[in-house]
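A.B. asks: So you can see what is in the structure, the chains are spelled out below.
There are 2 protein chains.
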Amino acid sequence: MQEELKIFYKIFTTTKDAIEKFMNMLDPVIQNAADEHERLYYHHIYEEEEQRLSRLVVLIPLIQKFQQAKDQKEFSPANNEFNRLLQELNLEKFGLHNFVEHLDLALFRFTDEDRSSLLNSLREVSYKDYQQVKQMLIDINGRFDTNFVDPHAHHDEHHDHLDRSQTVTVVTHAPQIKQRRGFTVGSLI
Amino acid sequence: MQEELKIFYKIFTTTKDAIEKFMNMLDPVIQNAADEHERLYYHHIYEEEEQRLSRLVVLIPLIQKFQQAKDQKEFSPANNEFNRLLQELNLEKFGLHNFVEHLDLALFRFTDEDRSSLLNSLREVSYKDYQQVKQMLIDINGRFDTNFVDPHAHHDEHHDHLDRSQTVTVVTHAPQIKQRRGFTVGSLI
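Residue numbers (our numbering), protein chains in the order written: chain C, 12 to 200; chain S, 12 to 200.
No lab work stands behind these hints, which were simulated from the structure alone.
The beta-carbon is built from N, C-alpha and C at its ideal position, and this holds for glycine as well.
Possibly wrong hints are sitting among the right ones.
Per the computed footprint, the stretches of chain C lying under chain S, defined by three or more beta-carbons under 8 Å from a beta-carbon of chain S, are [claimed, not checked]:
| hint | region |
| --- | --- |
| 1 | 54-65 |
| 2 | 103-112 |
| 3 | 115-123 |
| 4 | 156-170 |
Using the sequences and the hints, build the whole thing.
C.D. replies: Below, the structure written as structure tokens:
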């Protein structure tokens with residue numbers, strides 16, 4: 012478990028930093044939104060990431076606490092704090108999944124070189140981290156016989172629905188999409 | 012606490028039903044999306060509500076379990092299952108908040124009479140329920156001295172940012188939100 016905690020710590024401190032970069036990008040977009048729909052749209056994503064950030068502020072020290080555990084018995088479902096850790100990790104798997112999608116949505120809008128490069132690099136790391144957390148939690152949940160269910164599993168039945176490796180060849184391109192049209196928030200209305 | 016559990020049970024069974032109605036509305040929109048951005052946008056909201064649904068499937072029986080508690084000592088932070096209940100309730104407060112915003116975003120798109128009527132009625136109930144859950148949790152968290160922090164509090168500093176009662180006169184209109192004040196991510200950290 013120590014090796015896994017080390018990886019979780021690295022992934023969640025990395026994503027905490029990524030959230031901050033993403034929120035800083037969204038902030039002026041919200042301030043200067045062309046209309047109320049656009050403002051609400053980005054403000055909503057901003058708030059969801061803000062919620063995730065506030066959970067990570069609690070989760071990261073919890074991971075650190077277990078990294079310092081001296082007794083293997085602490086890694087047991089009989090320890091309620093360990094259950095809490097597993098529960099939070101399972102929740103933040105979805106936090107990472109949703110972040111990848113927030114980045115994908117942002118890639119449709121922020122097509123300038125600077126922002127799309129940053130978004131693509133955050134996307135690449137977050138996607139890998141999501142896959143790794145997902146895989147590690149399948150193992151861990153199996154080992155500790157938890158009852159965590161993945162409500163997304165059916166979306167991946169035929170294809171990893173976040174995977175864009177098959178359709179994107181140039182990294183600065185928009186995610187997983189063959190034909191990307193010019194997009195404005197207005198086109199969604 | 013029994014009276015509060017009764018209200019929580021009612022609110023979360025109501026919102027579970029509302030999620031299902033909303034997901035049923037989104038399903039054909041995703042299937043028939045005009046482009047990849049539109050598809051991803053609604054699929055993303057669909058998945059977030061699906062995550063919430065899967066959490067409510069666990070939370071509702073937990074509320075019921077505490078409704079049947081015979082001993083007042085079960086309602087104590089010394090009981091880890093009670094801590095779990097509080098934690099889940101605090102999480103689902105954000106679930107309700109995000110649902111109100113999903114409905115508001117959908118109201119920009121689904122302007123036909125049938126769908127906007129349904130969305131507005133779901134929005135009205137969900138907004139009231141969110142406010143009630145928020146208020147009840149302020150009381151409960153105070154009583155049990157929990158450390159739950161609301162990362163949204165600053166958004167409501169001058170104005171309830173989900174309140175549309177002051178700015179909307181015709182119910183089929185899209186939600187209106189007052190100007191957002193300056194905020195930096197740094198202020199959270």
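A.B. asks: Count residues of the region 54-65 of chain C with a Cβ under 8 Å from any Cβ of chain S, then say if the count reaches three.
C.D. replies: holds (count 8)
A.B. asks: Confirm or reject the coverage of the region 103-112 of chain C by chain S under the rule of 3 or more residues with a beta carbon closer than 8 Å to the chain's beta carbons.
C.D. replies: holds (count 4)
A.B. asks: Do three or more residues of the region 115-123 of chain C come closer than 8 Å to chain S, measuring C-beta to C-beta?
C.D. replies: With 3 residues closer than 8 Å to chain S, the region 115-123 of chain C meets the three-residue bar; holds.
A.B. asks: Please verify the coverage claim for the region 156-170 of chain C: does it have three or more residues whose C-beta sits within 8 Å of some C-beta in chain S?
C.D. replies: holds (count 4)
Figure legend: structure checked against the earlier numbered hints; every hint is met.
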